[in-house]
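Engineer: Spelled out from the first residue to the last, the chains are:
There are 2 protein chains.
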Amino acid sequence: MSKLRLKISMSLDGFVAGLDQSVETPLGIGGMRLHEWIFPLAAWRTPHGLEGGEVNVSTPVIEESLANIGATIMGRNMFGGHPGAWNAENPWQGWWGTNPPFHHPVFVLTHHARSMLPLEGGNTFTFVTDGIESALAQARSWAHGKDVSLAGGANVARQYLAAGLVDEMEINLVPTLLGRGERLFDGDDDLHGLQLVRTIAAPNVTHLKFTRS
Amino acid sequence: MSKLRLKISMSLDGFVAGLDQSVETPLGIGGMRLHEWIFPLAAWRTPHGLEGGEVNVSTPVIEESLANIGATIMGRNMFGGHPGAWNAENPWQGWWGTNPPFHHPVFVLTHHARSMLPLEGGNTFTFVTDGIESALAQARSWAHGKDVSLAGGANVARQYLAAGLVDEMEINLVPTLLGRGERLFDGDDDLHGLQLVRTIAAPNVTHLKFTRS
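From first to last, the protein sequence lines are chains A and B.
Anchor point for the first sequence: position 195 equals 195 in our numbering, and the numbering is continuous, going up by one each time.
Anchor point for the second sequence: position 152 equals 152 in our numbering, and the numbering is continuous, going up by one each time.
Isolated chain A, as found in the complex:
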């Protein structure tokens, strides 16, 4: 069974992005602090085409999160650029340059229709305007039996969680406060069938893995 697997970094006060996300500050004010734990690690650097890096107890968690993924789903805000309709003449191509690090089909949930965007390295972006279930069905069909990664951001993650469609959730809890921004959990009082199954204490981050019971 192909699983839908959410992985996301969250601050101690529950934010997955800061205020005022924009082209200049894609993760919002302070949002980059949620990801500083991963940048020194070889397990992150290698797939991003960078040499060297460290190995620590986060390494197998990152490797696990990248293994057996056949497609990725993300929200329009994570694909980024700007809100509203796409620029017809020079549409936003994503944050990742001509050869993004996914190397499989990516499905972007948006209210604004747009034709497919094929980039190098097997990175084909499909824009889905008919909702989360459609995006998941398309991603599963392109994943060929592998799992589907739910990359965020907060809004899309909340929609899939509320619909009970998330099979696995890895929260990378970072011991910092953002104060304001986008919350992963915003008023829900249950985890929609997910239960904590593994906690790993790593430098500058705690990995909390939840699965469906």
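For the record, the hints were derived by calculation from the structure and aren't laboratory data.
Quick caveat, the model's predicted, so the values are computed rather than measured.
Each hint can be trusted.
Reference listing, derived: stretches of chain B covered by chain A, where coverage requires no fewer than 3 residues with Cβ under 8 Å from a Cβ of chain A:
1. 12-22
2. 172-182
3. 189-197
4. 204-211
Below, a list of computed lysine to any residue pairs in the SDA-like style, where the Cα atoms sit at most 25 Å apart:
5. 209(A) / 39(B)
6. 209(A) / 57(B)
7. 209(A) / 209(B)
8. 3(B) / 175(A)
9. 209(B) / 180(A)
10. 209(A) / 33(B)
11. 209(A) / 175(B)
12. 209(A) / 198(B)
13. 209(B) / 55(A)
14. 146(B) / 45(B)
15. 209(B) / 175(A)
16. 209(A) / 36(B)
Virtual Cβ for every residue (Gly too), placed ideally from N, Cα, C.
Dock chain B against the given chain A, drawing on the hints supplied.
Structural biologist: Just chain B, lined up with the frame of chain A:
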């Protein structure tokens, strides 16, 4: 140096108590879920006069939190009963019966003056109406060189954190969601000089210890 040490249980979405705290539901709706990890443990049961109980990796964390404490500070809401002025004829005596589990002086921050309440077992409650610094000074003087425990709730904890007066903070992070209630962190974007120094993955809880750098 006598430290001010905050220990508090918090949900994954940042709440330390649920909505609608009252005499019937002291921790608010769902708030009891934040404490279920501790009730089976001998390290909690013994000081509360109960027999038996389990030992696990949380045990040394609980023992550490109880060691070398000479006084406790808490907010009016944690002392409990009702909001507003004290009932003159039959004032609220706390949640804990005639012999509370503290066994040292307890300082209750309140807006409503009241004379000292001496209970059994060294549990003397003093009601402080002139603010957090006064309560800390009084607690330190009665602690005779030992540390002072900051027991909560959220409002008092936030005040001491914002004033930079907390020397140690143990957050017992519980993998559940409350959705609504009292947040430990509510808009602050830094930890006021505290840094994560220890993470312990335990059954149904993750212990995050912060100290002043």
